[in-house]
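Spelled out, the chains give:
Number of protein chains: 2
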Amino acid sequence: MKELLLLTSLLLVSLLPWVTSDNPCCSYPCQNNGICLTGKQPGSYSCDCANLDFSGRHCEIPSFLKRIKLFLRPSSETIHNWLVSPSLKWIWDIINSVDVLHNLLMKRIYLLRSNVVDSPPLYETVHDYPTIGATTNFTLYARTLPPVPLGCPTPMGTKGPKELPSVELLAKKFFTRTKFRPDPMGSSVLMTFFAQHFTHMFFKTDYKKGPGHSWSGHGVDVTSLYGRNVEEENLLRSGKDGKLKMQVISGEDYPMFSKDVPIEVRYPPNHPENLKFALGHPFFGLMPGLFLYETIWMREHNRVCDVLKAEHPDWDDERLFQTGKLVVLGETIKIVIEDYVQHLANYNIQIKFKPTVLFGESFQYQNKINAEFNHLYHWHPLMPDEFNISGTIYPMKDFMFHSELVLKYGTAAFTESLSRQRAGHMSHHNHGPSTLNVLKETVLHGRILRFQPLNNYRKRFNLDPYTSFEDLTGEKEMAAELEKLYGDVDAVEFYVGILLERRRLKNLFGSTVVEIGGPFSVKGLMANPICSKHYWKPSTFGGDVAFDIVRTATLEKLFCGNIDGPCPLVSLRVPDFEDGDVDEHTNYAFKKYPDELYGKNSRNHKYSSATI
Amino acid sequence: MKELLLLTSLLLVSLLPWVTSDNPCCSYPCQNNGICLTGKQPGSYSCDCANLDFSGRHCEIPSFLKRIKLFLRPSSETIHNWLVSPSLKWIWDIINSVDVLHNLLMKRIYLLRSNVVDSPPLYETVHDYPTIGATTNFTLYARTLPPVPLGCPTPMGTKGPKELPSVELLAKKFFTRTKFRPDPMGSSVLMTFFAQHFTHMFFKTDYKKGPGHSWSGHGVDVTSLYGRNVEEENLLRSGKDGKLKMQVISGEDYPMFSKDVPIEVRYPPNHPENLKFALGHPFFGLMPGLFLYETIWMREHNRVCDVLKAEHPDWDDERLFQTGKLVVLGETIKIVIEDYVQHLANYNIQIKFKPTVLFGESFQYQNKINAEFNHLYHWHPLMPDEFNISGTIYPMKDFMFHSELVLKYGTAAFTESLSRQRAGHMSHHNHGPSTLNVLKETVLHGRILRFQPLNNYRKRFNLDPYTSFEDLTGEKEMAAELEKLYGDVDAVEFYVGILLERRRLKNLFGSTVVEIGGPFSVKGLMANPICSKHYWKPSTFGGDVAFDIVRTATLEKLFCGNIDGPCPLVSLRVPDFEDGDVDEHTNYAFKKYPDELYGKNSRNHKYSSATI
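Chains B and Y, in that order, are what the protein sequence lines are.
1 is the number of the first residue of the first sequence in the working numbering; add one for each residue after it.
1 is the number of the first residue of the second sequence in the working numbering; add one for each residue after it.
Looking at chain B on its own, in the form it has when it is part of the complex (with noise of 0.2 Å):
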């Protein structure tokens, strides 16, 4: 009898995860991407293992190719590691140049960056399970993880505080700046509205309907740039050889104001009728930076109309119009790709468009926008509080919804003091005043979309799960911090995890940055529709002529192409720049910060000392 009732306590203990528990699915035991269902009897729950490399009750055990592929592949940090090693820039220089190789090796990085993405997605934002809509519906954002279980013991499953951390105590004591953190890599303020300008094309929150509604086209769509549908293209459009409407002002073609074409904008109450401008995005008024691109972009938009009608003399209106969206698309994918994506993978291969490597292959051309993708791409640190335009400082608050500053300076002296003033590091303690409120929200709508916690997702994009704060953080202090908090290194959410990580080598995030956002961003942009066999061809830009603006569009180009006169500085990455001069145990700070980056005719008070 006494046998019986040990025997009866300890299943009780064994089983005692799940009987304290509503939930089972709250303690994640499904691996490797299995799925948890609750059953029938309360506390009961199954992994479903279906079409994984894995089977067992956990979805555990790997099978038997897998275990061979999982022993020879060489982690994330190794492959980063020989990616951007200086002593291994022999290989990829001849890979490089190699055409065959170099296809190869493209045909791999878009295969196994973009397979980490479930394509069509299986989630979406209002439900916990999966549903159709996920795919159907695009007023929501897919999401890749479900949510953590209503009900659970945490809010982040079983593991950590029963309360989170309150987002102002978080914000007070990791993500204030107090000394603007530049960026490791010397990227420019150009690379971060270019950033700013790219990303708001599909990051489109539908703040009122909530953080998981979106009014994206989920994707690549420049509607940026032509507006969110046919009526607001139409009012941008001038009617005439395809061109959009545009109005010289001190010589440059610049948007119209909105007072003459009367789409949506979103400028400050009682804005001066002649300060606002008619843009694609409402929202791109806000910042001078944004106005430039938007200002470029459009001169391109109406250069290859003349392009295209010279190659086309019969063609009308429309179809010189639909026919420049196609090439300003193609050329859209083509600079993202090969300069800012180049940039920020800071790689020793090059990157390239290439979308013909893609053909005959298992890769979906649609795309869905996930929470996840856009939470991880909040970098507002990258905002500095200042602007040094041609010399002239301007705080945040002089600048923001200031789009008359490009017309002032004019688009050559804006976009060369942007090319040389130093962006934020997208880490912890940088985020300004003016972007601190959007770091509070967001961590918030993490919060009531329930996303899983950071380790949850580094295990499922096949990353190691952090094993302590240290090892999370790089350092002691913060993550001695983060531990009276947390509690648990599988607790740390989401957001808060990506701002506090340690920064990988030669880059300018974390881990975690780079090896979710670097699938999302490949899948992306090679699933736009125009990188498909169908589309992908000389007659669908219009001929050779325009096909070969798309093929050979670089940064440069776009700006030189598009101001008269000399061509100014156009850089992500600032001038002078050197690699390498990076404090190796914080791995963020600088050791020097020469003054004359912030041009000829001023100093900077300010971040002439930002060394940490």
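These aren't lab readings, by the way, just hints derived from the structure by calculation.
Take these hints with a grain of salt, some might be off.
One copy or two, it doesn't matter: identical chains are merged, so the pair holds either way.
Taking lysine-lysine pairs in the DSSO-like style, the calculated list, with each CA pair at most 27 Å apart, reads [as the list claims (entries may be wrong)]:
| hint | residue 1 | residue 2 |
| --- | --- | --- |
| 1 | Lys89 | Lys245 |
| 2 | Lys408 | Lys259 |
| 3 | Lys240 | Lys40 |
| 4 | Lys69 | Lys533 |
| 5 | Lys208 | Lys276 |
| 6 | Lys40 | Lys537 |
The structure displayed is predicted, hence computed values, not measured ones.
Given chain B's structure and the hints, the job is docking chain Y onto it.
Just chain Y now, kept in the frame of chain B:
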């Protein structure tokens, strides 16, 4: 000098087609799906052969590999004959019973069929050239071939008459039913209504906007059951246990009256309130056959919800509903493929729904309904002029909009009657009075959309173009009439040709319907998101029990599981149908047509003599 003059005239003559026509693309000079693009000089053009297996000025030269493939590839007709031949049946029986062989073949069939469809599509219905909207604008049908260029010498390009024959004349000469011509494969009107119920889920022309506009979800999305959007869905839902609202009448579950569920449904003016039902598709009150399917599927949804609730007592209404919808969607595709498509194809190979064979293949899980597919699927000759329900004959006027007939006879007797009555032959001289206007409208819409001629579509879908009018019709009389009207077989219109072409051996249709409709069907069915790797697993459908419902669904089980009492005959083919009793010459007439097929107590005076 004389020689020079002669040479010049010769040159001029050889250039004549391009000189006399403004647009050289009017003569479709580019072969093998090459894309014709006009050039800078008036009358000049080029063919874009990119990403094709052909090169040369007109994409006429196959690559070496393609040449071999073309040499080895059996004709579409040969493959068809292999697939239907009774003498080869033993081979197919082996393939059907050996899973690994059958899987391999199903994969080939899925891929061969769906690869013919451009996905994502390049063209939509408001532009004559590629636009990004072809993929992103869901309010337009896609199209496979661009329209006949504007300003061509003839409406069909360069061939055929300057003015197309009036639709009135065509209707009178070729399409008006004088005697009901039964489907030569013995299809029942249960098949007719299956086709109508299923396809109107995605063939949804927005007539107010024009024949190229659509309000479709562009795929199998079960919207005809659950409504077009969340608002309609919520109206149709009971809010309890995931179920749809239904009411008990005469001991059976039926849809609610529209007075009780205020969803938009179209009935004639002054239609009695208690004969108007609330259905997911506004037009499905039109035919009691549609109402029958709607009723049975709604019952199935509720039945599935009961099964899910038993498996998951903890699930709320929302999860039961969403998962029930996924199960019903899965069952729909399974039944469409294994019952309906199998019936239409009539192949010796068992056509199965096996999503797993496409995992890892180059296959797009996205779909756009093409305008051509919509036209081709206008199968109104299937509709008889009257219906025999349990021995009582209802002429069309007493049948249309009379959903209450289903209630009067009960779903069992109604199903049995529809299973026993013969559908019409989808061919010439077989549009009854109630559908003749649809025919005229369809031909007119094809002209508004400027569809290229039938033969261009045959080439596009790897079929030999018809070489003569007799080759097209398979007889002399109509061929002669057609020739008088069109002059050139290359100028026969798409839909006109489809109705007039000779029937294929052991099939309901001519080769164009099979070889163009087949690819669009297979693509649309297998491209459904639930067929993709991430969806197609037990947990998506609520576990093994419900996944098995999907995987074992049949039309018979669908009806029998939702009709109390003995199961009626549920068949897409009338009972006692004997194959082979077809006039071998005209290929459409039956030699015998037993009266008793119309139920024991009735003799159908009209149909009994329906032998041509």
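Given identical chains, is Lys40 near Lys537, meaning Cα to Cα at most 27 Å, within a copy, between copies, both, or neither? between (55 Å within a copy, 19 Å between copies)
Copy assignment of Lys240 with Lys40, given that the CA separation must stay at most 27 Å: Only across copies: Lys240 and Lys40 sit 19 Å apart there, 66 Å inside one copy, limit 27 Å.
Tell me, please, which holds for Lys408 and Lys259 at an alpha-carbon limit of 27 Å: within, between, both or neither? within (20 Å within a copy, 64 Å between copies)
Within a copy, between copies, both or neither: which one fits Lys89 and Lys245 at a CA-CA cutoff of 27 Å? Answer is neither: 47 Å inside a copy and 67 Å across each miss the 27 Å cutoff.
My question is about Lys208 and Lys276: at a cut-off of 27 Å on alpha-carbon distance, are they close within one copy, between copies, both, or neither? Classified as within; 24 Å inside a copy, 38 Å across copies.
Within a copy, between copies, both or neither: where do Lys69 and Lys533 come within 27 Å Cα-Cα? between (31 Å within a copy, 20 Å between copies)
Violated hint: 1 only; the structure is consistent with all others.
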